[in-house]
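Novice: One letter stands for each residue in the lines below.
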Amino acid sequence: MNVSTDLDRRFREAADREGLVDVAYDLADSPVGELLVAVTGRGLCRIAYRPDDALDELAGDFGTRVLRVPRRVDRVRRELDEYFEGRRREFDLELDLTPVGAFHREALDELARVPYGEVTTYGALAAKVGHPKSARAIGGAMNRNPIPSVLPCHRVVGSNGKLVGYAGGLERKELLLKLEGALLDTLFP
Amino acid sequence: MMEAAVTIPPFERFYAEHRDEVYRLLARRMGRQRAEDAFQETFLRALRAYPALRHGTHLRAWVLTIARNVAVDAFRREQPTVELEEPIELPRRPAFAQLEHLTDTLPPTERAAVVLRYAYDLPYAAIGAALGSSEDAARQAASAGVRRLRRRETT
Chain G
1 MNVSTDLDRR FREAADREGL VDVAYDLADS PVGELLVAVT GRGLCRIAYR
51 PDDALDELAG DFGTRVLRVP RRVDRVRREL DEYFEGRRRE FDLELDLTPV
101 GAFHREALDE LARVPYGEVT TYGALAAKVG HPKSARAIGG AMNRNPIPSV
151 LPCHRVVGSN GKLVGYAGGL ERKELLLKLE GALLDTLFP
Chain Y
1001 MMEAAVTIPP FERFYAEHRD EVYRLLARRM GRQRAEDAFQ ETFLRALRAY
1051 PALRHGTHLR AWVLTIARNV AVDAFRREQP TVELEEPIEL PRRPAFAQLE
1101 HLTDTLPPTE RAAVVLRYAY DLPYAAIGAA LGSSEDAARQ AASAGVRRLR
1151 RRETT
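Order-wise, the sequence lines are chains G and Y.
Each residue of the first sequence is one higher than the one before, starting from 1 at the first, in my numbering.
Each residue of the second sequence is one higher than the one before, starting from 1001 at the first, in my numbering.
Since the hints were made in silico from the structure, they are not lab data.
Honestly, I wouldn't trust all of these hints.
Unchecked claim - Partner residues aside, some chain G positions facing chain Y, computed with beta carbon under 10 Å:
| hint | residue |
| --- | --- |
| 1 | ASN2 |
| 2 | SER4 |
| 3 | LEU7 |
| 4 | LEU20 |
| 5 | VAL21 |
| 6 | ASP22 |
| 7 | TYR49 |
| 8 | ASP56 |
| 9 | LEU58 |
| 10 | ALA59 |
| 11 | GLY63 |
| 12 | ARG65 |
| 13 | VAL66 |
| 14 | SER159 |
| 15 | GLY161 |
| 16 | LEU170 |
Just so you know, these numbers come straight off a predicted model, no measurement behind them.
C-beta: ideal position from N, C-alpha, C; glycine also.
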């Protein structure tokens, strides 16, 4: 005799209604695999390729009351679906980047300006942030991007046009760039 | 004396681990229909007190105690004149065994407060949530229990 799906859902929604949840999340299917999508009262705070690790990170960053509340991420899920189906080029979402440090934040703000379907390099992004010699640090900032795909770190590549790296794995980076129609071969022959 | 600190898990993991056991306990005591409201109330109380926890040990004992108190509160609401003779049961654990013989004659609330505080090392805010009262009320219940035990020892 276990908890019914209905009772389980009612508890989750009551918890959310009473404002007792620090982070609400759900899992979402996508062409790049199952994603964990998490929001706080301020906005979207995490998209993760490894849901299990992400729960502990979220508890550390935003508070231990991390609870799966599917309807709270409905809007993000819808925009992601549209993006992955090629029907959306920009996201219209509030973001919560409160745990992100100052340099990391500047890098992510600049990253957000890289347009759909285009790529830039770690060096170029470093120059825009005002630290032209910090390409490596920018690489680190991209690697720790809490909201991949919405903050498009897949659009940042090496100066030789190589994909270089991606926290979610290079095959995901390539898939996202192909989806956006970014043709690396012509950009970097 | 101090146990190694156990990290407090994200609430989802705590909930997923204990929800079925809590529901079964409530259904056994109250029937399935009424157990549903009590189930929700139990985990809402746990969620309210969760930020007050200082470590992740004894979370099962804690949530089962909350569930029993929610059940007791429901019976009291329905039959306010009937005194509940049944003491609040606590899980049989080594930490509890040390205190059991001392506390088994205390009134239920005092007993739960003393055991959760001194055997399970939970903070008063979390005990208050378990007992459906406040941090202050939990502190008072524990100290009343301890005073009662002291008086008994000296007589």
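Novice: None of the hints should be skipped; say for each whether it holds.
Specialist: A quick look at each hint next to the structure:
no., hint, in the structure
1, ASN2, "holds (5 Å)"
2, SER4, "holds (8 Å)"
3, LEU7, "holds (5 Å)"
4, LEU20, "holds (5 Å)"
5, VAL21, "holds (8 Å)"
6, ASP22, "holds (8 Å)"
7, TYR49, "violated (18 Å)"
8, ASP56, "holds (6 Å)"
9, LEU58, "holds (7 Å)"
10, ALA59, "holds (4 Å)"
11, GLY63, "holds (7 Å)"
12, ARG65, "holds (5 Å)"
13, VAL66, "holds (4 Å)"
14, SER159, "violated (40 Å)"
15, GLY161, "violated (40 Å)"
16, LEU170, "violated (29 Å)"
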